[in-house]
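Since the structure of chain A is already known, use the hints to place chains B and C on it.
Residue-level listing of the chains:
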Amino acid sequence: MSFVWGLLWGLATVLLIAGGAVIGVWWERKVSARIQMRLGPQQIGPAGSLQMIADVPKLLFKEDVVPAGADRRVFMYAPLLVFAPIAMAIAVIPFWAGWAPLDSAVGVLFFLAVPSIGVLGILLSAWSSHNTLSTLGGVRAAAQMVSYEVPRSLAVLSVVVLAGSMRPTEVMGAWQWWWVPLTLLGFVVYFVASIAEMNRGPFDIPEAESELVAGYFADYSGMRWAFFMMAEYGAMIAASLFGAALFLGGFVWLPGLAGLAVYIGLAALGYRDWRRSMAAEALA
Amino acid sequence: MSVPSDIDREAMVVPADCLEAAESLREVGAQDGRLTPEGDEDHLVVNIGPSHPSTHGVCRIVVELDGEIVVRAEPVIGHLHRGIEKMAENRTYMQVMPLTDRLDYVGSMYANWAYCRAVERLTGIRVPERAEYIRVIVCELQRIASHMMSIGSTGADTGAFTAFMYAFVQREKVVDLFEAVCGARLTYNYVRPGGVAADLPEGWEEKCRAFIEQHPTAMVELDRLLFGNVIARARLKDIGVLDPATAVAWGATGPVARGSGVDWDLRRDDAYSVYPRFDFDVPLGERGDCYDRARVRLWECVQSCRIIGQALDQLAECEPGVIKADGLPRLLAPRPGDAYDHIESARGSLGVYLVSDGSVRPYRMKVRSPAFANLALLPMLARGHTLSDLVVVLGSLDPVFGEVDR
Amino acid sequence: MNITELREYLCTQYPDLCPLFSIEFGDGVLTVPSDRLGEAMCSLKDLGFDFLGMLTAVDYGDEFELVYRLRAREMHLGLFLKTRVPREAPHIRSVTALWPSANWHEREVFDLFGIVFDGHPDLRRILLPDDWVGHPLRKDYEDPNIIRRPDYL
Numbered sequence: 003m004s005f006v007w008g009l010l011w012g013l014a015t016v017l018l019i020a021g022g023a024v025i026g027v028w029w030e031r032k033v034s035a036r037i038q039m040r041l042g043p044q045q046i047g048p049a050g051s052l053q054m055i056a057d058v059p060k061l062l063f064k065e066d067v068v069p070a071g072a073d074r075r076v077f078m079y080a081p082l083l084v085f086a087p088i089a090m091a092i093a094v095i096p097f098w099a100g101w102a103p104l105d106s107a108v109g110v111l112f113f114l115a116v117p118s119i120g121v122l123g124i125l126l127s128a129w130s131s132h133n134t135l136s137t138l139g140g141v142r143a144a145a146q147m148v149s150y151e152v153p154r155s156l157a158v159l160s161v162v163v164l165a166g167s168m169r170p171t172e173v174m175g176a177w178q179w180w181w182v183p184l185t186l187l188g189f190v191v192y193f194v195a196s197i198a199e200m201n202r203g204p205f206d207i208p209e210a211e212s213e214l215v216a217g218y219f220a221d222y223s224g225m226r227w228a229f230f231m232m233a234e235y236g237a238m239i240a241a242s243l244f245g246a247a248l249f250l251g252g253f254v255w256l257p258g259l260a261g262l263a264v265y266i267g268l269a270a271l272g273y274r275d276w277r278r279s280m281a282a283e284a285l286a
Numbered sequence: 010m011s012v013p014s015d016i017d018r019e020a021m022v023v024p025a026d027c028l029e030a031a032e033s034l035r036e037v038g039a040q041d042g043r044l045t046p047e048g049d050e051d052h053l054v055v056n057i058g059p060s061h062p063s064t065h066g067v068c069r070i071v072v073e074l075d076g077e078i079v080v081r082a083e084p085v086i087g088h089l090h091r092g093i094e095k096m097a098e099n100r101t102y103m104q105v106m107p108l109t110d111r112l113d114y115v116g117s118m119y120a121n122w123a124y125c126r127a128v129e130r131l132t133g134i135r136v137p138e139r140a141e142y143i144r145v146i147v148c149e150l151q152r153i154a155s156h157m158m159s160i161g162s163t164g165a166d167t168g169a170f171t172a173f174m175y176a177f178v179q180r181e182k183v184v185d186l187f188e189a190v191c192g193a194r195l196t197y198n199y200v201r202p203g204g205v206a207a208d209l210p211e212g213w214e215e216k217c218r219a220f221i222e223q224h225p226t227a228m229v230e231l232d233r234l235l236f237g238n239v240i241a242r243a244r245l246k247d248i249g250v251l252d253p254a255t256a257v258a259w260g261a262t263g264p265v266a267r268g269s270g271v272d273w274d275l276r277r278d279d280a281y282s283v284y285p286r287f288d289f290d291v292p293l294g295e296r297g298d299c300y301d302r303a304r305v306r307l308w309e310c311v312q313s314c315r316i317i318g319q320a321l322d323q324l325a326e327c328e329p330g331v332i333k334a335d336g337l338p339r340l341l342a343p344r345p346g347d348a349y350d351h352i353e354s355a356r357g358s359l360g361v362y363l364v365s366d367g368s369v370r371p372y373r374m375k376v377r378s379p380a381f382a383n384l385a386l387l388p389m390l391a392r393g394h395t396l397s398d399l400v401v402v403l404g405s406l407d408p409v410f411g412e413v414d415r
Numbered sequence: 018m019n020i021t022e023l024r025e026y027l028c029t030q031y032p033d034l035c036p037l038f039s040i041e042f043g044d045g046v047l048t049v050p051s052d053r054l055g056e057a058m059c060s061l062k063d064l065g066f067d068f069l070g071m072l073t074a075v076d077y078g079d080e081f082e083l084v085y086r087l088r089a090r091e092m093h094l095g096l097f098l099k100t101r102v103p104r105e106a107p108h109i110r111s112v113t114a115l116w117p118s119a120n121w122h123e124r125e126v127f128d129l130f131g132i133v134f135d136g137h138p139d140l141r142r143i144l145l146p147d148d149w150v151g152h153p154l155r156k157d158y159e160d161p162n163i164i165r166r167p168d169y170l
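Protein chains in written order, with the working numbering: chain A, 3 to 286; chain B, 10 to 415; chain C, 18 to 170.
Be a bit skeptical, because a hint or two may be false.
[Said to hold, decoys possible] Covered stretches of chain C (in silico footprint by chain B; criterion: 3 or more residues with CB under 8 Å from a CB of chain B, positions within the stretch not fixed):
(1) 58-65
(2) 70-80
(3) 86-95
(4) 130-137
(5) 144-150
[What the hints assert, rightly or not] Examples of chain C residues toward chain B, derived with CB under 10 Å:
(6) V46
(7) K99
(8) A119
(9) N120
(10) W121
(11) H122
(12) E125
(13) P153
(14) Y158
(15) I163
(16) R165
(17) R166
These are computed hints drawn from the structure, not numbers from a lab. Bear in mind the structure is a predicted one, so any value in this text is a computation, not a measurement. Virtual Cβ for every residue (Gly too), placed ideally from N, Cα, C.
Bound conformation, chain A alone (with noise of 0.2 Å):
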């Protein structure tokens, strides 16, 4: 039984990483391009909303290619190697109160340590991909990685020592108001060093676009790519899950109606922001 529900919360995760990853390109695409003075994805849905969705079936149908010289199996398997761990952590994210999916006692040891073993893929994936520009990439990002776990870790310990348990659920559920202000340094520390976790910009050095020409990842087309994607993307949400779960007391401040009526004022608000912006792409 407990396999499959194992199974069934497996592809929960997945699509929830796959649902994560089609809403925070879409918002990324939009929020950037309106930075930079421009309107982003526009034709694909009501305001290019379902752009990441379009995008998937390209992915899958691309020519799966694999550079001459490169390690085949390594080369093929690498991805999974660095999706799969993102994709356990989620495992062990309280998503109610006093539940997990998987209610482990190092529950927060388990977030922390099974992503790093994404590292290793994404050294894989740089060696097999034959190319000196990738091997260098596939080293900038291990050495960043490698270095932000120690910070991280930390900062997630004082959590950890207020609560006095391992169990996520168990710090969400002994959370207070006050260790706000105490875990305060806490929470920015966790928050950058997640960021560097993720090779997101500021710390893209690995990817670095200008030079490497996204470094590790570079050799990778189609499917093979959009797990090194969908692997940021779900690394981002764990992280924020688990970062809100501990730091911020979960669901937990406002509990009931007061945070139904903060989802729905939140959800009216990007309501409306759409609805402008369709009225501007229609002008523009």
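Relative to chain A, chains B and C alone:
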């Protein structure tokens, strides 16, 4: 059109063992650019290949790295070599004009103008005043457009993609003006021997004035956006420092030399066309690093706005409609001799040397390309910096490979 | 200083170079035989010609004519220096020691014309691939891919 019968069709067939030929070329490629480490055996030799988003064109750079520090950086050029100089020998003087467009394709207007000046020097054609003013206006607008691309690329190389977009907003406006003037957005073929191809359309001057009205403010904004950013400053300051003596000795001209403090601008020191009638400053850098070179380009744009404003004012006093010299023959056949003339392009001193043997075709056309001379500085400037800085240094030299390779 | 003043100055300082100086199309031209090139170059460098703008060659059948464009920035003067080398033995001394900018220009002339510059630190082809056979800008360059201009033009 019938094809001449003396083409050897057999020689044009790809050899059957082309894979073997490619293999042998790879061997040879190892000698060209020396892909083996010259220093320590531990050094990594990386090939930043001809097709790369940050090499500003097709440039192959063979980089020998000690960790992340560049020990040797050698540009291997010639990927865009089309034999323009050889082709020019087989075409009439007017037929060579579109070839000059494709030399510095980011700045077609002044590439055309350099060639036209050489032709006019050779033939003794006198260009009417209105045409000279129009040439100055479009050339200065082209300078702005070219610098916008250069500064934008500098931003993109350091990761500041927003600055890239902001700079391109200005470039779009200039290119729209050019589209109104001659119908093309990149290769204009507008400046012709004896004048310009067509007069300015109605209402163009107002649009141009509107552009130069808003441009300096946009430059201030871009300055704050890109050069005020602490990350961009850290990536541009003290990178690729060029001292003035080396700049002159190695033949650097334009913003590359002026960024090092070499106070030399052909528009002021060897004033040509109607430039003596304008009042403008020449921005100079101090330290000769990438930061100074990029800022020299930025402030040159503002000075160009000044020149354009004065030129538009003085243009109103010219005889309208006279934009080409009188009595130009359809086929130019200058008397035998040679002539060299140069202009200050966005990259430096762009010159054309023409040799005529009295026929309708040039006997020899040589283009003195500033980007070619500036690029020779790359190995010196990049040594000792990291791989990321190499890309920034290359961007600050602002090469356009149509011009470098011809 | 303008061209006539330069001519007078040249004649007083280096009287043997004087008859080789002419003014054509408004530009000063100094024509030297190839064995006196080094001496002329050094003299000009001492005079203040600190900038080598370009260096090119023209194929005149039996000879190649090398054209150097020099510039004295302080004096706002430009000058051509021309020399000829025979086609059968196209050797000339390199001026990279005087003006390092000649480095790439001489490589280009070697690449496209086949003129060998003695004393150049690194004489290799620059624009064409290393294994290219022939020197394209020579007038007698044959290549099956070149389509000759039809005679009716």
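Results of checking the hints against the structure:
| no. | hint | in the structure |
| --- | --- | --- |
| 1 | 58-65 | violated (count 0) |
| 2 | 70-80 | holds (count 5) |
| 3 | 86-95 | holds (count 4) |
| 4 | 130-137 | violated (count 0) |
| 5 | 144-150 | holds (count 5) |
| 6 | V46 | 9 Å, holds |
| 7 | K99 | 9 Å, holds |
| 8 | A119 | 8 Å, holds |
| 9 | N120 | 6 Å, holds |
| 10 | W121 | 4 Å, holds |
| 11 | H122 | 8 Å, holds |
| 12 | E125 | 8 Å, holds |
| 13 | P153 | 6 Å, holds |
| 14 | Y158 | 8 Å, holds |
| 15 | I163 | 9 Å, holds |
| 16 | R165 | 7 Å, holds |
| 17 | R166 | 5 Å, holds |
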